[in-house]
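Undergrad: Residues per chain, in single letters:
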Amino acid sequence: MDKSLNWKIGLIIAVIALSIWMLYPPKDKINLGLDLKGGMHLVLEVETDAAITIQSDMSVTQLRSLFKDGSIKYDKINRKGFDKIEITGTLLDDERKIKDILDDDFRDWTYTFGGNLIGVTLRPNIEQQLRDQSVDQALETIRNRVDEFGVAEPTIQKEGLAGDKILVELPGIDNPERVKSLIKSTAMLEFRSVVSGPFLTEEAALKDYNGQLPEDAEIVKTNPRRLDKGFYVLKAATVVPGNNLKSARRAQDEYGAPAVGFSFNSQGAAQFEKFTAANIGKQLSIVLDDRIESVATIQDVISGDGIIHGRFTVDEVDDIVLVLRSGALPAPLKYIEERTIGPSLGTDSIRKGLTACLMGLFLVVTFMLVYYRAAGINSVVALALNMLILMGAMASFRATLSLPGIAGIILSIGMAVDANVLIFERIREELRAGKSPKSAIDAGFKKAFWTIFDSNLTTVISAVFLFQFGTGPIKGFAVTLIIGIAASMFTAIWVSRVIFDLTYGRRKKMTKLSI
Amino acid sequence: MNIFKHDTNIKFINKMYILFVVSGLVIASGIFLFFTRGFRLGIDFSGGTLVEVSFQKNTTIPQLRKMLDEAKLGDAQVTRIGSENKFFIKTMASLKKSNLNPAVKMQEIEEYEIVAREMRNGMMDDAERSQAAAGKIDLNNTAEGEIARFLRDKGLGDEDAQASASLIINQRKSSTAGVVTDFAQLEKAGIKHRVMAILRDSTFLSKFTFLSVEFVGPQVGKDLRLKATLACIWALIGMLVYIAFRFKFLYGLSGILTLVHDVLVTCTFLLLFKIEVSLQVIAAILTLVGYSINDTIVIFDRLRDNLKIMRKENLGEILDKSINQTLSRTIITSLTVFLTVVALFFFGGEVIHPFAFTMLVGVITGTYSSIYQSCAWLKVWEKYLLKRKKS
Numbered sequence: 077m078d079k080s081l082n083w084k085i086g087l088i089i090a091v092i093a094l095s096i097w098m099l100y101p102p103k104d105k106i107n108l109g110l111d112l113k114g115g116m117h118l119v120l121e122v123e124t125d126a127a128i129t130i131q132s133d134m135s136v137t138q139l140r141s142l143f144k145d146g147s148i149k150y151d152k153i154n155r156k157g158f159d160k161i162e163i164t165g166t167l168l169d170d171e172r173k174i175k176d177i178l179d180d181d182f183r184d185w186t187y188t189f190g191g192n193l194i195g196v197t198l199r200p201n202i203e204q205q206l207r208d209q210s211v212d213q214a215l216e217t218i219r220n221r222v223d224e225f226g227v228a229e230p231t232i233q234k235e236g237l238a239g240d241k242i243l244v245e246l247p248g249i250d251n252p253e254r255v256k257s258l259i260k261s262t263a264m265l266e267f268r269s270v271v272s273g274p275f276l277t278e279e280a281a282l283k284d285y286n287g288q289l290p291e292d293a294e295i296v297k298t299n300p301r302r303l304d305k306g307f308y309v310l311k312a313a314t315v316v317p318g319n320n321l322k323s324a325r326r327a328q329d330e331y332g333a334p335a336v337g338f339s340f341n342s343q344g345a346a347q348f349e350k351f352t353a354a355n356i357g358k359q360l361s362i363v364l365d366d367r368i369e370s371v372a373t374i375q376d377v378i379s380g381d382g383i384i385h386g387r388f389t390v391d392e393v394d395d396i397v398l399v400l401r402s403g404a405l406p407a408p409l410k411y412i413e414e415r416t417i418g419p420s421l422g423t424d425s426i427r428k429g430l431t432a433c434l435m436g437l438f439l440v441v442t443f444m445l446v447y448y449r450a451a452g453i454n455s456v457v458a459l460a461l462n463m464l465i466l467m468g469a470m471a472s473f474r475a476t477l478s479l480p481g482i483a484g485i486i487l488s489i490g491m492a493v494d495a496n497v498l499i500f501e502r503i504r505e506e507l508r509a510g511k512s513p514k515s516a517i518d519a520g521f522k523k524a525f526w527t528i529f530d531s532n533l534t535t536v537i538s539a540v541f542l543f544q545f546g547t548g549p550i551k552g553f554a555v556t557l558i559i560g561i562a563a564s565m566f567t568a569i570w571v572s573r574v575i576f577d578l579t580y581g582r583r584k585k586m587t588k589l590s591i
Numbered sequence: 024m025n026i027f028k029h030d031t032n033i034k035f036i037n038k039m040y041i042l043f044v045v046s047g048l049v050i051a052s053g054i055f056l057f058f059t060r061g062f063r064l065g066i067d068f069s070g071g072t073l074v075e076v077s078f079q080k081n082t083t084i085p086q087l088r089k090m091l092d093e094a095k096l097g098d099a100q101v102t103r104i105g106s107e108n109k110f111f112i113k114t115m116a117s118l119k120k121s122n123l124n125p126a127v128k129m130q131e132i133e134e135y136e137i138v139a140r141e142m143r144n145g146m147m148d149d150a151e152r153s154q155a156a157a158g159k160i161d162l163n164n165t166a167e168g169e170i171a172r173f174l175r176d177k178g179l180g181d182e183d184a185q186a187s188a189s190l191i192i193n194q195r196k197s198s199t200a201g202v203v204t205d206f207a208q209l210e211k212a213g214i215k216h217r218v219m220a221i222l223r224d225s226t227f228l229s230k231f232t233f234l235s236v237e238f239v240g241p242q243v244g245k246d247l248r249l250k251a252t253l254a255c256i257w258a259l260i261g262m263l264v265y266i267a268f269r270f271k272f273l274y275g276l277s278g279i280l281t282l283v284h285d286v287l288v289t290c291t292f293l294l295l296f297k298i299e300v301s302l303q304v305i306a307a308i309l310t311l312v313g314y315s316i317n318d319t320i321v322i323f324d325r326l327r328d329n330l331k332i333m334r335k336e337n338l339g340e341i342l343d344k345s346i347n348q349t350l351s352r353t354i355i356t357s358l359t360v361f362l363t364v365v366a367l368f369f370f371g372g373e374v375i376h377p378f379a380f381t382m383l384v385g386v387i388t389g390t391y392s393s394i395y396q397s398c399a400w401l402k403v404w405e406k407y408l409l410k411r412k413k414s
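Protein chains in written order, with our numbering: chain A, 77 to 591; chain B, 24 to 414.
Okay, chain A solo, but in the shape it has when bound:
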């Protein structure tokens, strides 16, 4: 036998083995969608008050610095409730200046002057807008996270007339608790300088300051999984806000332990560089969702990239990277409902759908066998392998099968056979031109290759763009499309050729080709 045929067969066997390994046992590896098997029904409430609070806090900071710049004296500027700011102790002489500041920079707010107290309140329509925005943003972030985790075909929609609840339906997954905490993580990453610490208890920290913390400092808890001592006193302001984060990735620290790598955008990098240069030798803390993940001494000027190290497991690093990548939630979420739900399709619909799929498969196979005779068998073998590869790849991507998804797979079988048809038709053409069977096969494969390559690559390009620019279901669709094309190129061009070589290659003289 031809030597090159040996390693070709070897490769095919390897691909078959890999696919089976990916797929085995199918019960655990293939997730069935909400329509076929049901899953989890979760309702989350977006705490939009918190989003307003964050906005108000930012405005407080802004006011303080504007007053400082304008050398306006004041006693206190504080947030009251979530949408009000109170300014006390200003001088009557400064009233004009204060009004100018409020008129220019605080258009979203209304204000009242009353004796010693200036009350600034967020306009109700702006407040509503902020609330709506925070829900929209939360929805988008949840969608990104669920997508990245690999749970295909979830249902994510707003619920309730107030529009502050989000309904998430996830198909049956192995580790619901992990997904639930992923969805809920606020992913608010902050870099803050350490004032003092660590302390064992909150009281110990307070005692250090005789019970009265400086105005710009606060006590923050550590994440007990990472640090032994529970509390630090940190500056309230963050050095670089988390939204300056450009990317996050899995990394290792100098001892090879899992760590979270991150990069800032140019603005963040500049800020961080300035800060670290001025604070060498001091301590910096990394705070995720109001818990200290890591405290480190600044050794050197750091700008664009860095790592967070701590006692992470690989899974923990992956989860932190995922939530950082998908962006911070604008407000905390709260689970208010959690149920298990059954399939949304009745057994009758499922049976009908599956029958139709089998029927479609049967029709294609029959057509190929009748129309191309022995060569048809060749293409059917290639198709079977194609399906195996497709299922194996989908299992490894943790894809979820829904009924329309299965119909899509059947459709891709109908399309995959196109490559076989192109080759067989070309072989027939060469035979008609008077070539011997052997050289007709050779020429057929050779000439059809570029045609198949061009037409498939055009489709792949469209799929790549859909993947890059699409979200949610569009992304999943693009992945399936790409896998399907890759599998069909492999089976139709490679496997099919090997089968031809195996059946006809050994015969010395071949006069007739069954095609």
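To be clear, the hints were calculated from the coordinates, so they are not data collected in a lab.
For every residue, glycine included, the Cβ atom is placed at its ideal position computed from N, Cα and C.
Treat the hints with care, since some could be wrong.
Said to hold, decoys possible - Pulled from the structure, derived: some chain B residues nowhere near chain A, Cβ distances all over 12 Å:
#, residue
1, Ile50
2, Phe78
3, Lys95
4, Ser225
5, Lys402
Said to hold, decoys possible - Here are some chain B residues the structure puts well away from chain A; computed CB gaps all over 10 Å:
#, residue
6, His216
7, Asp246
8, Leu273
9, Arg325
10, Glu336
Stated by the list, open to error - Cut-off 20 Å, straight-line C-alpha distance, at most; resulting in silico cross-link-like pairs (SDA-like, lysine to any residue):
#, chain 1, residue 1, chain 2, residue 2
11, A, Lys588, A, Asp577
12, A, Lys156, A, Asp212
13, B, Lys28, A, Tyr447
14, B, Lys245, A, Asp212
15, A, Lys305, A, Ser272
16, B, Lys250, A, Thr231
17, A, Lys551, B, Leu249
18, A, Lys428, B, Val365
19, A, Lys160, A, Val136
20, A, Lys152, A, Val136
21, A, Lys523, B, Arg327
22, B, Lys245, A, Thr231
23, B, Lys28, A, Val446
24, A, Lys322, A, Glu349
25, B, Lys297, B, Glu373
26, A, Lys523, B, Asn329
27, B, Lys297, B, Arg60
28, A, Lys256, A, Val397
29, B, Lys28, A, Arg449
30, A, Lys588, A, Arg504
31, A, Lys410, B, Glu237
Go by the hints and put chain B onto chain A.
TA: Here is chain B on its own, set in the frame of chain A:
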């Protein structure tokens, strides 16, 4: 076996202008339908009402479906909650605009309550329905405040009415199904005789209750729709660039125009047959975008070869020859896809029907356009844009 003679010699290019007009008319009518009628958007795009219903007795999904059919809500989605006799029913209410001003939102509340009322009506049996028609209220499906108001109207004092109403609601909450099964239960719960008389006389107890009625937003919001559209446009540009790189720019342009034609014609049929546009239909259209270019490329590929060999003939002849030479290929590759789509269309049941319909129209259109449109565009370019590029 052969379906086609291998030496067909059909003059395709001759008919190009007629077919341009035909395609143009189809697309124009599609545009007309789009502006007059618009797409029938499914629940994925429009949102609707989510109801949680609980039954006193064992109920199966087919039984529930039958009830919904009676309420003319047959296209609702039903899922069982856990292994209890509780279900989520998701249905499309006519709540299409999500960003309405507060004044209009009031009207929405009414609409969505109407959906719930219709649904309740569908779930009642005949006896319950006649009681409801006689003006009796259903204690299992009335809110606490309304029960209290009803009792007050019947002459009870404020305190009595409120206390009785809250006893009834507590009784509902304490049972697993959330349903009060008979009046004796209420009597045991401590409702006064005088009140019981009113209840027995002018209320009834249905065998189900709506635990919650919620408005749900669309699965595919404005944002997602915009992103999907942009993704498609980028995909088209990507294909254009690739074909331009492998062939020539005008080939790329022709291929993309053919593709856009296929999508527009398919959309026209969706409009014409009032097919409900869901995420699966979008998936089918995306599949078309990827698939329908294939046949065109096969023809272009042959055309490229022929242009090298046939130096004397004019472009029209070469185009015809290339189409004829690849005709069996074009038809058979489409046929294999067509066979699977036909199976899905006729045997797939209601769930797959919209998907299969879209593909069916798309595959037929795609085959026609690969043969009659893609090359015709090249002829048009030759005639109006450039002198024959053969040397």
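Undergrad: All hints are to be evaluated individually against the structure, with a verdict given for each.
TA: So, going through the hints one by one against the coordinates:
1. Chain A leaves B/Ile50 outside its interface by the beta-carbon criterion, the shortest separation being 21 Å against a cut-off of 12 Å.
2. Listed as a non-interface residue, B/Phe78 keeps its Cβ farther than 12 Å from every Cβ of chain A; the least gap is roughly 14 Å.
3. The beta carbon of B/Lys95 sits about 19 Å from the closest Cβ of chain A, which is more than 12 Å, so the claim that it is off the interface holds.
4. For B/Ser225, the requirement that its beta carbon stay farther than 12 Å from each beta carbon of chain A is met, with the minimum near 31 Å.
5. The claim that B/Lys402 lies off the interface holds: its Cβ sits roughly 21 Å from the closest Cβ of chain A, which is beyond the 12 Å cut-off.
6. Under the 10 Å C-beta cut-off, the non-interface status given to B/His216 relative to chain A holds; the minimum distance is some 39 Å.
7. With a least beta-carbon separation of about 7 Å from chain A, B/Asp246 fails to lie farther than 10 Å from that chain, contradicting its non-interface assignment.
8. The Cβ of B/Leu273 lies farther than 10 Å from every Cβ of chain A, with a closest approach of about 16 Å, so its non-interface assignment holds.
9. The claim that B/Arg325 lies off the interface is violated: its Cβ sits roughly 8 Å from the closest Cβ of chain A, which falls inside the 10 Å cut-off.
10. For B/Glu336, the non-interface assignment is confirmed: its Cβ lies about 20 Å from the closest Cβ of chain A, beyond the 10 Å cut-off.
11. Taking the CA atoms of A/Lys588 and A/Asp577, the gap is about 15 Å. The hint holds against a cut of 20 Å.
12. Simply put, A/Lys156 and A/Asp212 have alpha-carbon atoms about 26 Å apart, too far for the 20 Å limit, and the pair is violated.
13. Between B/Lys28 and A/Tyr447, the direct Cα distance comes to roughly 14 Å. Compliance with the 20 Å bound is thereby established for this hinted pair.
14. Using a Cα cut-off of 20 Å, the hinted pair B/Lys245 and A/Asp212 holds, with the two alpha carbons roughly 11 Å apart.
15. Distance hint between A/Lys305 and A/Ser272 is fulfilled; the C-alpha atoms sit about 13 Å from each other, no more than 20 Å.
16. A distance of roughly 18 Å separates the Cα atoms of B/Lys250 and A/Thr231; the hinted pair therefore holds under the 20 Å criterion.
17. A C-alpha spacing of about 14 Å is found between A/Lys551 and B/Leu249, which places the hinted pair at or below 20 Å, so the restraint holds.
18. Restraint check: the Cα-Cα separation between A/Lys428 and B/Val365 comes to about 14 Å, which is no more than 20 Å; the hinted pair holds.
19. As the CA atoms of A/Lys160 and A/Val136 are separated by approximately 10 Å, the hinted pair is consistent with the 20 Å bound.
20. About 10 Å separates the Cα atoms of A/Lys152 and A/Val136, which keeps this hinted pair within 20 Å; it holds.
21. A hinted pair counts as satisfied when its Cα atoms are at most 20 Å apart, and A/Lys523 with B/Arg327 qualifies at roughly 13 Å.
22. A C-alpha spacing of about 16 Å is found between B/Lys245 and A/Thr231, which places the hinted pair at or below 20 Å, so the restraint holds.
23. The straight-line distance between the Cα atoms of B/Lys28 and A/Val446 is roughly 17 Å, inside the 20 Å bound, and the hint therefore holds.
24. At most 20 Å may separate the alpha-carbon atoms for a hinted pair to count; A/Lys322 and A/Glu349 meet this at roughly 15 Å.
25. Taking the CA atoms of B/Lys297 and B/Glu373, the gap is near 14 Å; set against the 20 Å cutoff, the hint holds.
26. Of the supplied pair hints, the one linking A/Lys523 and B/Asn329 holds, its CA atoms being roughly 14 Å apart against a limit of 20 Å.
27. Distance hint between B/Lys297 and B/Arg60 is fulfilled; the C-alpha atoms sit about 9 Å from each other, no more than 20 Å.
28. Pair hint A/Lys256 plus A/Val397 holds up; C-alpha atoms about 16 Å apart against a cutoff of 20 Å.
29. Restraint check for B/Lys28 and A/Arg449: satisfied, since their Cα atoms lie roughly 18 Å apart, inside the 20 Å limit.
30. Taken as a hint, the A/Lys588 and A/Arg504 pair is honoured in the structure, with Cα atoms around 12 Å apart against an allowance of 20 Å.
31. With a C-alpha separation of about 18 Å, the suggested pairing of A/Lys410 with B/Glu237 holds against the 20 Å cut-off.
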